[in-house]
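Student: Go ahead and model the full structure; you've got the sequences and the hints to work with.
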Amino acid sequence: MDWATVASNLVHDTIVFSTALIFAALGGLYSERSGVVNIALEGMMIIGAFTGAVITNVIQDSGSIAPWIGFIAAAIAGAIFALPHAVASITFKADQVVSGVALNFLAAGLAVYLTKIIYNGAGQTTTLTEVFDKWEIPGLAEIPYLGHALFEAYPTSFLAFIIVFLTWFLLFKTSFGLRLRAVGEHPRAADTVGINVKRMRYIAVMISGALAAMGGATITLTTTSNFSHNTISGQGFIALAALIFGKWHPAGAMGAALFFGIAQAIKALVQVYGLTQYVPTEFIFMLPYVLTILVMAGFVGRSSAPAALGKPYETGSR
Amino acid sequence: GSKTEAPQGQTGNAGGTEGAAPAAAARVGMVTDVGGVNDNSFNQSAWEGLQKLRTDLNLPEGNVNFLQSTSDADYVPNLTQFVKDGWDLTWGIGFLMGDHLKKVADENPNSKLAIIDAEVDAPNVESVLFKEHEGSFLAGVVAAKMSKTKKVGFVGGVEIPVIKRFELGFEAGVKAADPSVEVIKIYTGFFDKPDEGKSAASQIYGQGADIIFHAAGGTGDGVFNEGKNRKSKGEDVWVIGVDKDQSLTFGDDITLTSMVKRVDEAVHRVSKDVIDGKFEGGKIVWLGLAEDGVGLADTSSKNVPEDVLKLVDEYKEKIVKGEIKVPAE
Amino acid sequence: MNKAIAIFTKESFLVPVIAIILGLLVGAIAMLAGGFNPILAYTALVEKVFGSAYNFGETIRQITPLIFTGLAVAFAFRTGLFNIGAEGQFIVGMVAATTVGVAFELPAIIHAPLAILAGAIAGGLWGSVAGYLKAKRGVNEVITSIMMNWIALYLANWVMNSFFVPKGQQRSEMVHDSAIITITWLSQMFDNARLHWGTLIAVLAAIFFYVIMWKTRTGYELRAVGLNPHASEYAGMNVNRNVIKAMFISGLFAGIGGAAEILGVFHYQAILTAQPGYGFDGIAVALIGGNTPIGVILGAILFGILSFGAAGIKFTAGVPVELIRVVIASVIFFVAAHGIVKVFVKPILKKKEGGN
Amino acid sequence: MRGITKRFPGIVANDNISFSVKKGEIHALLGENGAGKSTLMNVLFGLYQPEEGEILINEKPVKITSPNVANELGIGMVHQHFMLVETFTVTENIVLGNEPKSGLQIDIKKAVKAVEELSNQYGLKVDPNAKIEQISVGMQQRVEILKTLYRGADILIFDEPTAVLTPQEINELIEIMQSLVKEGKTIILITHKLKEIMAVCDSVTIIRRGKVIDSLKVKDTNPDDLAAKMVGREVNFSVDKQEAQPKGPILQVENVVTRGNRGVNALNGISFEVRSGEILGIAGVDGNGQSELIEVLTGLRKADSGRVLLNGKDITNHTPRDISESGLSHIPEDRHKRGLVLDFTMSENMVLETYFHPTFNKNGFLDYAAIDKHAAKLIEEFDVRTPSIHTPARALSGGNQQKAIIAREVDKNPDLLIAAQPTRGLDVGAIEFIHRRLVDQRDKGKAVLMLSLELDEIINVSDRIAVIYEGKIVGIVDAKSTTEQELGLMMSGGNRKQGGGTDE
Ligand SMILES: Nc1ncnc2c1ncn2[C@@H]1O[C@H](COP(=O)(O)OP(=O)(O)OP(=O)(O)O)[C@@H](O)[C@H]1O
Ligand SMILES: Nc1ncnc2c1ncn2[C@@H]1O[C@H](COP(=O)(O)OP(=O)(O)OP(=O)(O)O)[C@@H](O)[C@H]1O
Ligand SMILES: [Mg+2]
Ligand SMILES: [Mg+2]
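Residue numbers (our numbering), protein chains in the order written: chain A, 2 to 319; chain B, 13 to 341; chain C, 69 to 424; chain D, 3 to 506.
No wet-lab data here; the hints were simulated from the structure.
DSBU-like mimics (lysine-lysine), calculated; alpha carbons at most 30 Å apart, straight line:
| id | chain 1 | residue 1 | chain 2 | residue 2 |
| --- | --- | --- | --- | --- |
| 1 | C | Lys-414 | A | Lys-312 |
| 2 | B | Lys-160 | A | Lys-135 |
| 3 | B | Lys-243 | B | Lys-163 |
Here are a few chain A residues that sit away from chain B, every Cβ distance over 12 Å (derived from the structure):
| id | residue |
| --- | --- |
| 4 | Ser-63 |
| 5 | Pro-139 |
| 6 | Pro-145 |
| 7 | Leu-147 |
| 8 | Lys-174 |
| 9 | Phe-260 |
| 10 | Leu-292 |
| 11 | Gly-299 |
| 12 | Gly-311 |
| 13 | Pro-313 |
| 14 | Glu-315 |
Quick caveat, the model's predicted, so the values are computed rather than measured. Where a beta carbon is used, it is the ideal one built from N, C-alpha and C, also for glycine.
Tutor: Take a look at the structure:
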């Protein structure tokens, strides 16, 4: 086995694992850049994973379009699910962390509750027959090693990278982005120049829900092919970590998500090469988390959150 | 003071059965781990066994029931719920429930309990275990004979004795049939994470293996996904299923065969024995090839050629006769 | 004192109560939507919890770890830190208690306290890692504590597999009887429900929380640093040391919780395949309890009753146990968005005033 | 504005206020802290909705429901706490909410050009591409003004614009205001500085406790009259004090060097001393090392070299607690950031630096009864207006917060009291009180080191004045014999006086 193949496989798997995290971290980015803490990414991913699986399951007779419809349905469900978080933290000025925690509980409960109702008491959806197939970019995918690594992936992965770029453009090149960031840094300043702070935050939180849900749906529609109580199991929190790790920047968040992805891919690789003889499996499982802490402590250090993050905005007009 | 036999307001599922069950009708309950009764694995299998029991004996709907645990701490109260409610038999499903079931059995010596996959030493518990290694040996023979790349893989859930039996049996089977075939093994550490299974499978196929045998419960779903994905890309890969005939779930275009573990049969039989008054408390039952407790799925002939199946039968005979002793630990 | 009893004042008491009622209503709606009978279900819940001595005892067992993790989260909250890592601290507490319980043989009078102390310190140290990284390296404690949860899980398994788990088992050997904190007579009174001294320790821990936080110099410093680190620095407090201290004490609570679970409930430690979940539930408990010690106890009682009673609604009314999570989520949500609740509270307050 | 009433829980901030401003004039709004000026202007700007009253612009009644509406009506506001996004550039801040576009993108080039044009037109020099966090406070204020002009404001509200400016910047601002009026703009100016009102305003409205006391032409009044109307009694401006009787040195600063936040040296071998029984004022343009100096003296920042002696004892790089215990008190320049834990009660805040003393702390347990007693005493003594000692500090007005801090610091009976911007943003009544306290401290034979950006204050209160420039003392003068001109020159780095150190 040559190392080029290993590397190629590793990159390929890294992208598979990172995609959901990229979506969710970007979701968190919108919300937090607007000043609303989003610890509910986990819950939003759960709702996305659930909706994606159920809708696809229901319509999978329609063929390969089914996962796409499931995916879009997930995004819509995510945006709607994010609404209570917006109402609580923006309109009712609730503690955003508390509201987020509530949503995480709600998602975990509701999704499995509904699953059991829909699937006759079963803790998971039936296995989907129609899920996303990997795409190969014509021409590029044939490049030795590199093609498999970079140009053969699920459509959601390509989409994720496109959304990273779009987010960067939206945030730093358009007036929507300027306003969104202003609302997250200094809402009063934004208010005094006529920007509707609350509306911006509502939009941001709902985009956040949609993207995080797309992340969740990515998991059910590419890697697990079903939804169960632990389909997400903590990935929303990892995405949140990626967002902070990536300093609330789209490219940074993507980089951090890829980092977690690579650590996950390495985990399987290490076992394949029999390294577990030398290192206990438990330590390999720990690897991504230890690395994250080391990297954060060693290189990243203090990260600067949006200045108004977590602070409800009072217009004074009541 | 306790009121153990307190009549429950109403027993039965949603909608309930209004006219209460006949007094003589037997009641059998089971407690699952976090996976629940639809885990495509042995919880589901066990539940199917109870369902079959119900239809066979024409019991009312509420007379078989299950409780799903949400954490380790739930096992004892869940088992106790059935026991204190006076159910005729209470099943604990899975190795991990062993200690908990023992505690409940000791505290309630007049109750009857049974467990799958664990040995519980108590006079009122019947333990049912399977010789997974024997069945897995046959799966190994199929894999070795049918691998074109001379590499096969094994994906395990958590590294517990039960799963170890799968692994060792499989490897022994492979080596017996063709010592030149290499076995790549990965333990994912989970029984319920298909994405981990998929990752493991991807790595193993990436190493050039073309057949993977999994013993990972729901995690194994990911192995099937990865296999299907590759198959649709034209790669010639297979998956060997576990516990149930998984070709029924994932299709026989990817499922080479399955190592079936007849949890449903066992649950059905032991439950029936209890109802018939033939409960053998304290007994530890091992079900292997000889007892038809394990074996390859009947649908194997779809994908496995005649000659290989013949070889499988030969090995089976030798194992049953004791000529081959398959390692279990 | 004001803060601790604030929960009993009219409005701050009514808000959680109404939040709970609204939460149960949401649950009822969800049950109706799913084709279940909410009245039957809630009756079953109450019967499950209060219907037999055994189940009542088990509910107390369920409540106990929630008090510990709730206190852990609340303590950190009070000092301006979000300890999402009670989970990991709980786990290392379990490991330490198991280690002491299995590896040593001591007289009971020393053994059990030592095992609990070991759990406490392990939890505290585990928590202070996040505190240290925050103080010295500026790393967000939310990230570190999430990571530390997973590290704790695998580390625990490694320790168990390497030192304490007999071959072919999935759990450690039993801790020695001298380390066990089960209250046998009480347990027998409750039909063998797993009752243990940990519950009493939990209540003492809540008192300890209150005293430390609002009566001592340490608490004064911790609160000051949490509320305004700049002013604290100006006033000559060591901000970094206080952050670490806060996380240490926070972790202490969770660690004892883990130790009590081993010594009082299981008597051995199993290989973990998932997070035990008490840490995350502790967040909910702390939030429902308004981050006060009394609130945490009440929150844990509510949470414990609901989640233990969940099995009852499944058993009797066929409702999936997850419904209870929906109820709990709604309660937290309404506590958070008390603005919504106040809409309901106002008329009640008015009526009362009118009546007086 | 007619009959405006705005209530907050427990207080009527504006009580039936009516006042009018003529087109093209500069109208001052004068009043004590908490009189209700900001509230009134926030109503005019649409940030608050009044309970009663109406607003007329050009004699037409209008409903100003949001700042958006205010902007449309040509009302712009320059807030005391700037409404600028620190991480944005000058241009981004100015165009925010009104961005020129090309296609989907913001047309940044066009925006920069617009900013440059405006800045030339009104003589408001700014660097359009600089980030706000990198520019001076004066420049930030110009950005604020440009923001309103960019939106085409005709009525400009300035809320205490000079409180944060250096004398030079104030002069520039006054010129800017005058040129704005020439261009046909109308200005409402909130300030506590009577001198400024006399200098630039046409008319003035005085508010006390939410009510209008009087509205009159500036040329018909004088500072004493205004002050009396505002406070409701006669106010003494010049700090009357005896000749200082300085004795031995309390604080000696020798060749201290330290790096600032940007990595360059903020203090460049600074040396001076403060003697007992004197007030040493440090004058200087903001950003010449004042903040760093205080931080080094109080132990909040490390000195790279040099020595600091307090009562002859070396306290260089000791911890803040150690230094505080050695007899140094400090009234911080940012009371919200450093001075108070806003969510602590007043009582708890009063022992922020002494809670561990045996009086309050028994074996690690705090004696809250003793603390409350102590707080009640201080609050009474320093006339801090608070509903109760258990009220959170956050709920007090700025002036009362400052009084509380001063009470706490003076009560420590320190050998050296450092007062940084002790009267920033306070009304004349409060200022008088605080100055009195500083002089009392001196008269008790203690040393006082005062830093202020306001030359008036420096000259009035200090006995000697040291001028800081680029992290060094460039000269020390006698307060009685110096002039604003002389100080201004030294502050801008001109005419370095020889023997800039102390007269050892
Ligand atoms: N948002 C608010 N909520 C409650 N009370 C407020 C609020 N804003 C102002 N107040 C109160 O209203 C009164 C008037 O405040 P205002 O800010 O208008 O005073 P001001 O004249 O601007 O004082 P200063 O000179 O300190 O700026 C004060 O007593 C203040 O405490
Ligand atoms: N929610 C509140 N409750 C009580 N008092 C408040 C509240 N908000 C503000 N205040 C008080 O009202 C006064 C005015 O508040 P504001 O926010 O206007 O600050 P400020 O320092 O006066 O600034 P400016 O002079 O620019 O208005 C302050 O003294 C503040 O302490
Ligand atoms: Mg004001
Ligand atoms: Mg002010």
